[in-house]
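Since each chain sits alone in its own frame, please combine them into the complex, following the hints.
What follows is the residue order along each chain.
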Amino acid sequence: MSLPLRKRTVHFYELIARASTRADVKSPSCAPLTDLLNCFAALAGRAKLPQTIRRLPHLHTVLADWSHDAASNSYALLICKANAALSDVAFRDLATSRLRMANKTKIEGIEVSAHILIRPNVDGRTAALLLTTGAGVSSVDVERLLRRLAREASTMARNSALFYFDHPNGAKDDAGKTKKYRVSYGFDTLAHRGQTLTTALSSGEFQGMELIAHDRSQFDSGGNLLVTERSLSVEAKLPKIVTGATVVNAVRSYLKQPQHDGYDKLRVHYKTAAGKSTSATLDIQDLGAAFTLKEHIEFDTDVDAQQSTLSPVILAGMRPLLQSVPP
Amino acid sequence: MLDDLIRPLCFLTVRHESRLPLSVNWLLPALVTLAALAALALLGDAVNVYAKDGLLDRALAFTQTLTGFYIAALAAVSSFNSPHLDKVMPAPAPVMLIKYNGTLQPVQATRRRFLTAMFAYLTALSFLFTLVAIAALVLAPALRLAWPPAVPYLHWLGLCSILFTLCQLTCITFWGLFYLGERMLTPD
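Chain order of the listed sequences is F and X.
Reading the first sequence from the start, the letters are residues 19 to 345 in my numbering.
Reading the second sequence from the start, the letters are residues 25 to 212 in my numbering.
For reference, chain X alone in the conformation it holds in the complex (with noise of 0.2 Å):
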């Protein structure tokens, strides 16, 4: 049952042999996460991360917003009528894990199941974005006074969590954006 529950991530399953799914979902978010990184450790202490307004509390308004598109990219797609979705995508198709018959089966993706595994994706993220960043919020002063010592680790650890999250939502939402804007339109 609990592995039901975690099927929405098998977007990152995802394997091409351009190596695209590993750049778009891992390589270019990490490489932006660094580099904003980078930003925030010169400006140093001079920027609100945790608290009210602050640069978690700004992203949580906007999250908060994306899960619901997401849904219903997700079920715009899934229920498109076009016999173009629901073929395999060219060779060398992209390839992905599903649960079929209890075991974990390597399929070609159709353009259907690519995008509606990536909403899903899109989806879950935001949703459990939402839920951490309040858990974040509500949890940071407490910690700040009952754990001093940690504070400077968490700070870092928590805010490379999220920027690369918000990098990759990003980078993912403009993939997706691409193939229903127009890859979907433009034949094989």
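Pulled out of the complex, with its shape left as it was, chain F reads as follows (with noise of 0.2 Å):
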């Protein structure tokens, strides 16, 4: 498995923290997502990692680096996963043929990174959270990482504020002091399908769509080879003044045509805010509908797909990014 050196696909999520508790409370209390990444800074301090996050017979997740950009107000992650199931690599010289192998062995594991970056929104409970595809790390294991973290800091009493909360019955026990009870905090990741075609297209720029219809007909005349998806690309003269809604009438307006029935799906090519080129696939019949968000970034140097700390080549590329995510 490997990484593309000049190039990442950034997926977008929302990362939700939810409280719960045994206690008879309905709706515990949540502490700030800030205040709880800020906690979770201090237990992945530079001499404790790597940290492991999951590991199994032939997988090892680890937090390999964590920072925080006080500009961006984002937290930065690196995330390294080592798959022993993957064949050994074997290099050749271009210029020598000359062939040499990794010579991995059963026990190591080819590791990609991903970088992630969370960026706390200001209700409080809910954060944007940016993470580069590719390398087998997936949201899930952030929720992982972000649990145990949770674990780990509640065991503490200086975190004591954010895993305890005064009791809604306001109740004091013998001593005076309010009787509290504790929460364990959960945390949840969407694909954050806060795009639509119209914010896409009102901060971007067209660039392009494909009509496709995905009907079987026959190609050939034997019958054996059949016509599965067939597409109709559209451009537009003058780019800059296409909007969502123009689109959307335009597309309506054209399937009204009898003859240009059967197309059920758009794919919408656009440039982003961020300059960067991305496209969108939406249902015909609802093409006002949020799709998930995710970009390409490109680079100017050639970017190894493992790293052992933070590359802030990637991150430069993904922090312009986060202005795509309303806070």
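Rather than coming from a laboratory, the hints here were simulated on the basis of the structure.
Just so we're clear, the structure is a prediction, and the values are computed from it rather than from any experiment.
Here a beta-carbon is modelled for each residue, glycine too, at the ideal position from N, C-alpha and C.
No false leads were slipped in.
Computed footprint of chain X on chain F; a stretch qualifies when at least three of its residues, placed anywhere within it, have a C-beta under 8 Å from a C-beta of chain X:
#1 45–51
#2 189–195
Under the rule of at most 30 Å between Cα atoms (straight-line distance), these lysine-lysine pairs were calculated in the DSSO-like manner:
#3 F/Lys195 to X/Lys123
#4 X/Lys111 to F/Lys44
#5 F/Lys25 to F/Lys283
#6 F/Lys195 to F/Lys44
#7 F/Lys258 to F/Lys274
#8 X/Lys111 to F/Lys197
#9 F/Lys190 to X/Lys111
#10 F/Lys190 to X/Lys123
#11 F/Lys294 to F/Lys255
#12 F/Lys255 to F/Lys274
#13 F/Lys289 to F/Lys258
#14 X/Lys123 to F/Lys44
#15 F/Lys198 to X/Lys123
#16 F/Lys197 to X/Lys123
#17 F/Lys122 to F/Lys66
#18 X/Lys123 to X/Lys111
#19 F/Lys25 to F/Lys289
#20 F/Lys198 to X/Lys111
#21 F/Lys195 to X/Lys111
#22 F/Lys197 to F/Lys44
#23 F/Lys289 to F/Lys274
Next up, the structure:
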């Protein structure tokens, strides 16, 4: 498994913190996510890294690095996953044709890194989470890491303000101290469906679109070969004036004509506010729906798939993407 | 926002195994109201209800002064420095619904919470009664002229509401006086 040297794909998620308690409290209080992440940062100091997130017979996922950027109010994490179920890697010198094996042993895994940016939102319970894909690291690994750090933080007296809250009945004990209840934290990540066609094209620029029809028809005379998909590509003479409403109205008007029916998907290619080209696929019947946000970032220099510390090049490419997500 | 404005009425959500809140808040006032209505029905038109110096006018003069006293009692109870007030009431403790983190949370009441909820409700009730009574006194002559067929129904509906409110106010006030004057000072 490897990643391109000068490209990464970034998926957007929404990280949600939720508190649960064994006490008889229906809606337990939750500490602000910023405070929780600051607390976790103290547990993930340089001296304590790498920290194992998950270990399986053939997989080992670790938190390798953690930093906080005050300017963008974001936390950067480096998670590395080593997979021993991959075969040994061979290197061939392109000039001399000489072959060299990496000589991976059975207990060694090929490691690839993923960079994660977490930016808490103003509501205090959610955060935007950006994750570079391709390393086998998923948002579930981030959830697992945060849960483990929360469990570890809850055992420390100095973090009690994050885990103990005054009971809603306001009762006090014999010593005059307010009774408290304890919470534990869970974290969920949802694919960030914060982008609609209208917002994508209002902040970005239309590049083209394809109408896609999935219908099976005969391709050859024998009937063995079938057409499964056909598409119609559309581009604009003046892409800058194309808005979400323009696209929706044009598509609906086109499909009203009887000879133009059958299309069920629309793939729109556009440039984001950060200047990156991306695309989104929507159901023709629901062009107003939100779609999952993802972006591609490119670098001027080579960046290895495996990193031991956070790569400033990758982070510099990821940080501007935070602007796509409202806080 | 609007549900915050009706939170003073949360005292009516108090529940206890003995059903005492139900009796004091609803049953007793209802019985007294029915008795009073029966007496007034027997007296017929001789009783002046909505006119000047009538029943409503006199009740208004009385309830106008109550709001300030209830607020003073509320302030006193909420600031009493007594450890007994902040303990959950003896089992089985009454349970009431409070707003906590955006949801209605049933909690076992402490004495302080019970009494502050009680006096908050009494304050709100006397305040609303005053406003409604003023409106009724002002509108009664106009309604009599504008809508004569409805007058008998409105008369008895209004009278029932006035009497029930006054009876409930009285019952809950005496219950509060019992707590402030005796129960609070008696060890569990």
